[in-house]
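Dock chain to chain to rebuild the complex, using the hints, since each chain is given by itself in its own frame.
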Amino acid sequence: MGRKLLLEHDNKPGIQGLEGYRANGGYRSVEKALKLMSPDAVLEEVKKSGLRGRGGAGFPTGLKWSFMAKPPGVPRYLVVNADESEPGTFKDRYLMERIPHILIEGMITSSFALGANTSYIYIRGEYFYIYRILERAIEEARAAGWLGKNILGSGFDHDIHVQVGAGAYICGEETALLESLEGKRGNPRIKPPFPAVKGLYDCPTVVNNVETIAAVVPIINDGGDEYAKIGVGRSTGTKLISAGGNIRKPGVYEIELGITCEEFLNSDKWCGGVEGRALKAVVPGGSSVPIIPAELYFKTAKFEPRLMTYESLSDGGFATGSMLGSGGFYAYNDAQCIVRSTWNHARFYAHESCGQCSPCREGTGWMEKILYRLEHGQGRTDDIDLLWDIQRKIEGNTICPLGDAAAWPVASAIRHFRDEFEYHATHPTKVKDPKHFEKEPFKRIPKFASA
Amino acid sequence: MATLKAVTTTEGTPPFSFSAEALAECKRLIARYPDSKSKSALLPILHLAQSENEGWLSVNAMDAVAQVLGIQHIEVYEVASFYSMYNLRPVGRHHLEVCRTTPCMVRGSDDIIAYLEKKLNIHVGETTKDGMFTLKGVECLGSCGTAPMLQCGAKYHENLTPEKVDALIDQLRNEPRTNYTDL
Ligand SMILES: Cc1cc2nc3c(=O)[nH]c(=O)nc-3n(C[C@H](O)[C@H](O)[C@H](O)COP(=O)(O)O)c2cc1C
Ligand code: SF4
Ligand code: FES
Chain G
0 MGRKLLLEHD NKPGIQGLEG YRANGGYRSV EKALKLMSPD AVLEEVKKSG LRGRGGAGFP
60 TGLKWSFMAK PPGVPRYLVV NADESEPGTF KDRYLMERIP HILIEGMITS SFALGANTSY
120 IYIRGEYFYI YRILERAIEE ARAAGWLGKN ILGSGFDHDI HVQVGAGAYI CGEETALLES
180 LEGKRGNPRI KPPFPAVKGL YDCPTVVNNV ETIAAVVPII NDGGDEYAKI GVGRSTGTKL
240 ISAGGNIRKP GVYEIELGIT CEEFLNSDKW CGGVEGRALK AVVPGGSSVP IIPAELYFKT
300 AKFEPRLMTY ESLSDGGFAT GSMLGSGGFY AYNDAQCIVR STWNHARFYA HESCGQCSPC
360 REGTGWMEKI LYRLEHGQGR TDDIDLLWDI QRKIEGNTIC PLGDAAAWPV ASAIRHFRDE
420 FEYHATHPTK VKDPKHFEKE PFKRIPKFAS A
Chain C
0 MATLKAVTTT EGTPPFSFSA EALAECKRLI ARYPDSKSKS ALLPILHLAQ SENEGWLSVN
60 AMDAVAQVLG IQHIEVYEVA SFYSMYNLRP VGRHHLEVCR TTPCMVRGSD DIIAYLEKKL
120 NIHVGETTKD GMFTLKGVEC LGSCGTAPML QCGAKYHENL TPEKVDALID QLRNEPRTNY
180 TDL
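For the protein sequence lines, the chains are G and C, in the order given.
Numbered per numbering that gives the first Met the number 0, the first sequence spans residues 0 to 450.
Numbered per numbering that gives the first Met the number 0, the second sequence spans residues 0 to 182.
Bound conformation, chain C alone (with noise of 0.2 Å):
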């Protein structure tokens, strides 16, 4: 699969700065370990940065967590661009990540990709033109049992079959965005 460029300059970015709300948040999640080892906290606070800055890490966003850490921006760069549930460009309103390894297509997961792709009108790795939609392909999720499964933000959808996978669309359009940090 063609490998999706990230967006590597503030240019064209809108600025970011952390919420009140957040800010406690990373104050929280920073006391958990231990005096000097306030790193710890960068994978959970890139989370949190990308839930304030629509489904995406800008280099904006990504600067401001160093700056909260007190680290090199080059040391949060180097681990959001290494972890698969950090997108370094901007998704759609409603991420789809719909998994595709061997015991989800052993239960029919790549009919479920093919229909999302012709109802969306995409390919996976693409938004809709509308941004409503992206669609991607990722590995195991935990949920071979209930495949062919997705996941859309915090939410788990399993068991699919194509009624299901209309009744989510539909729903999701109505929606605000998700994120992995809703609760």
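Bound conformation, chain G alone (with noise of 0.2 Å):
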């Protein structure tokens, strides 16, 4: 166990180099594919490997990637997504920042499957002195021959553009991130058509993450069976886990898929634990993921040890599970609040909607609304029934996904902390203090709920 295939060579000197990349064995992938193998058998390898979209939504990327369309004489794109906005994530940035190369040379081995001339990542705009990073690396690659005409004498061109956004969570989202591309507000496309059809410039396209596109480096490197041996199930290989909030050892984490819960949040190898209070709760996967009570974080309803895999902690779905999304893991001590930061998260969500459709853009307003009456002590008891029946009306009534993002930390919230939102109602004088809880934690009942 502990195997790492991203950060392996994480703290070798030189390693944001060129040279130190290199000598840490980089670029092999491009040589194999290019000299030796055919796009098709790149592809092969990356389904064989069951490879999961690492940027939220764990779509099989094999799968993605062998739905482009290929019309003669139209070019095809692959697009980075390194928008990372989902709060609690910050993992690609750790990547990008450290070994820019490995991002870099996925992009060339991927490019080579999908047939793909030229590639864009995409980088949210706060992330500038990381554009620069990118930028030079893609400069070194260039003078190296790793980019331009006729690779490695193989007859594949390639070319790789950073460009940079300019503060919008909602580029993100696969259609918004290419209208912003193109210089355009970032408004989500309607689906169809999906972009492996009609993408950049009404071009094919692939969108992925960064760390998807990094996993395809040792995937290539030590075939698809090698990597799809780490993990359980469906949930192959490694996962760069972000995880903050209140636990002691804060910071960027590669785990092997299927370690449990209980030892990714306590052993000092991770988290070390929860900072000096009792835990509380745990968003597992970024914002837009249920929040859920400790005892639900290690172990699921039917009191199996819950494991940090899709499958396992989407077990028992939005009743007691959550889903492991983007890895933006963060804890919370028994000094915080619910309500306030289901508040926090709602105006999160108000603040970042596009405004496209009304259910979202309406609704996101009026939660954030009512979680601020009933955390600053001017509340009423309707009001939790009245945040249940906004959220339900919000969630699959929308163009993208961020309707739905916006809803399930609310209804996950509601569902397993309902008497800390009447609580609030009830005490207007106790909850005018922001720090409530710091004092006197609330003393709630463990129990599975169910909607």
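Heads up, a few of these hints could be off.
Calculated cross-link-like contacts (lysine-lysine; reagent style PhoX-like; alpha-carbon spacing at most 20 Å) [what the hints assert, rightly or not]:
hint : chain 1 : residue 1 : chain 2 : residue 2
1    : G       : Lys197    : C       : Lys36
2    : C       : Lys36     : G       : Lys183
3    : G       : Lys183    : C       : Lys128
4    : G       : Lys197    : C       : Lys117
5    : C       : Lys36     : G       : Lys434
6    : C       : Lys4      : C       : Lys117
7    : G       : Lys197    : G       : Lys47
Which bits of chain C does chain G cover? Going by a derived footprint, with three or more residues having C-beta under 8 Å, they are [stated by the list, open to error]:
hint : segment
8    : 51-64
9    : 97-108
10   : 135-149
Honestly, the hints are just simulated from the structure, not real lab data.
Keep in mind it's a predicted model, so treat the numbers as computed, not measured.
Using N, Cα and C, we set each Cβ at its ideal position, and we do this for glycine too.
Given below as structure tokens:
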């Protein structure tokens, strides 16, 4: 246990530059793919690996690639999603900052499989300094002949460009990202058509997360079967988890999928346990996934140990489970207030809604207002049912999944922590102090509630 | 939070033209996209314009961007008003953007914001009288493991404490304007 595929050489001197990266085996996957393999053979390895999209949805990467339309004479694009704006997620930043060449290597190998001669990295504007790091790395790769015309004499041409965004969470949604890359507002497109058929400039396009594309490197180096040996069931390989909140050792960790949640949170190898106080709740995969109480993080409703896998974290559905999502993990100790946290989440989604669909635009605003008043001692008990009603009316009724992502944190908070919401409505003076649970934690009775 | 009004007129704002250096950079950016798709360079070029216009996008600056790209003014305005990193009104010399999203809140961002408000004697969204600092609350900056944190120009300032904030403010007072495009 404990194999690292992406961060193996994380601490090697000079790993940020081409020379240091090469010295640690870098660009072998490009040599292997371009010299010894056909594009379809590369695709086959990715399929065998069982790799699933690391951006949040967990869609099988090989399958996604196989949807790429191939009309003759039309360019195809690979676009890397480096927008990383899901609260709690900071793994792509870590990877790009420390080992930029692994992304570039993965892009060349992947583009070869997809038949894309140009690829773009769309990086959030706030990561301007990483944009510079990537530009330098691309320059180095170009100068060394890893990019350009007829790479390694294979006849394959490829070039990579980086584009900065300018602050908009919605541009992480793949079609909004493509709009933004075309120099427009980040309004998600109606699907179908999917990007694999009509993407960037109406050409066939694959959009993948940074970590997904980086994982193609070890998959091609060692073979898809080798990759698939790591993990449990349909959760194969390793995953970067960015861990934050009230834990002793926040940071980015590469785990083998399948370790227990207990080990991840409590072992000194990873999070090092909860800081100071008792664990109250966990958001295991970024702000969009359901929040779950401590006991449901460690064990499923059937009292089986919960594992860090796509399947195990969602075991029990939304009634008692959550999701692995983007791997943006954060923990709450018992000084934290779930109503305050839910209000904060709601404010985030209200701020980030692109405004195209009424349920999302209006609903997120209303949820924020109602949660604000509950948290500030101006709420009513009916507010809880009202919130429940609003979130249900958003879910499933919008153009893009941001609507669902805004609804789920509210729904899960009410589902598991309803008594805390009621307490807010009935104890207005107590909750006026913003640190109301710091001295006296809320006494919750652990239960497996259902909706 | 109250939305702050954009300046939507050219009246009373200085004229704008790109430096020769920035124009060369625009050309380099445009060359990254297929021939008929130069509009793709709009976002990065708006960043350049903002850096050359004291940290904000006046109508004059946006019109110059439209000209460089050969697109309609409205195509620039609608984009500039969509993205949170573009400032549509003047800002202080240093724009302090404190992350206030949940994972940062859990690690004490509320306290850092309160500390900054008190220290600078302004509320979130305001600029100090001397035009030195603008304080802004922003959403997750991908730095949750080193929270609380703030961004100023291209730099992230992480694991903030009141002492670190004091030192940063003192240091910034003596520095030229910070921009996202700083190297
Ligand atoms: C509102 C919203 C925000 C998203 N943000 C990101 C993001 O920041 N990074 C990312 O890789 N995927 C993000 N996604 C998922 C993308 O739409 C897309 O599924 C992903 O980039 C596909 O790559 P993958 O298959 O490699 O995961 C977001 C989705 C939604 C609905
Ligand atoms: S769900 Fe929200 S963010 Fe997505 S398209 Fe509709 S309004 Fe925009
Ligand atoms: S929540 Fe502040 S950086 Fe992520």
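Hint-by-hint comparison with the structure:
1. Taking the CA atoms of G:Lys197 and C:Lys36, the gap is near 16 Å; set against the 20 Å cutoff, the hint holds.
2. This hinted pair checks out: C:Lys36 and G:Lys183 have alpha carbons roughly 12 Å apart, not beyond 20 Å.
3. Taking the CA atoms of G:Lys183 and C:Lys128, the gap is near 35 Å; set against the 20 Å cutoff, the hint is violated.
4. At roughly 52 Å between alpha-carbon atoms, G:Lys197 and C:Lys117 are farther apart than 20 Å, so this suggested pair is violated.
5. Simply put, C:Lys36 and G:Lys434 have alpha-carbon atoms about 52 Å apart, too far for the 20 Å limit, and the pair is violated.
6. For the given pair, C:Lys4 sits about 24 Å from C:Lys117 by alpha-carbon distance, which is inconsistent with the 20 Å threshold.
7. For the hint pairing G:Lys197 with G:Lys47, the CA-to-CA distance comes to about 27 Å; that exceeds 20 Å, so the pair is violated.
8. Taking a C-beta to C-beta cut-off of 8 Å, the segment 51-64 of chain C contributes 0 residues in contact with chain G, too few for the three needed, and the coverage statement is violated.
9. With 7 residues having a beta carbon nearer than 8 Å to a beta carbon of chain G, the segment 97-108 of chain C meets the requirement of three or more and the stated coverage holds.
10. Restraint check on the segment 135-149 of chain C versus chain G: 10 residues with Cβ-Cβ distances below 8 Å, three needed, restraint holds.
Of the numbered hints listed earlier, those contradicted by the structure are 3, 4, 5, 6, 7 and 8.
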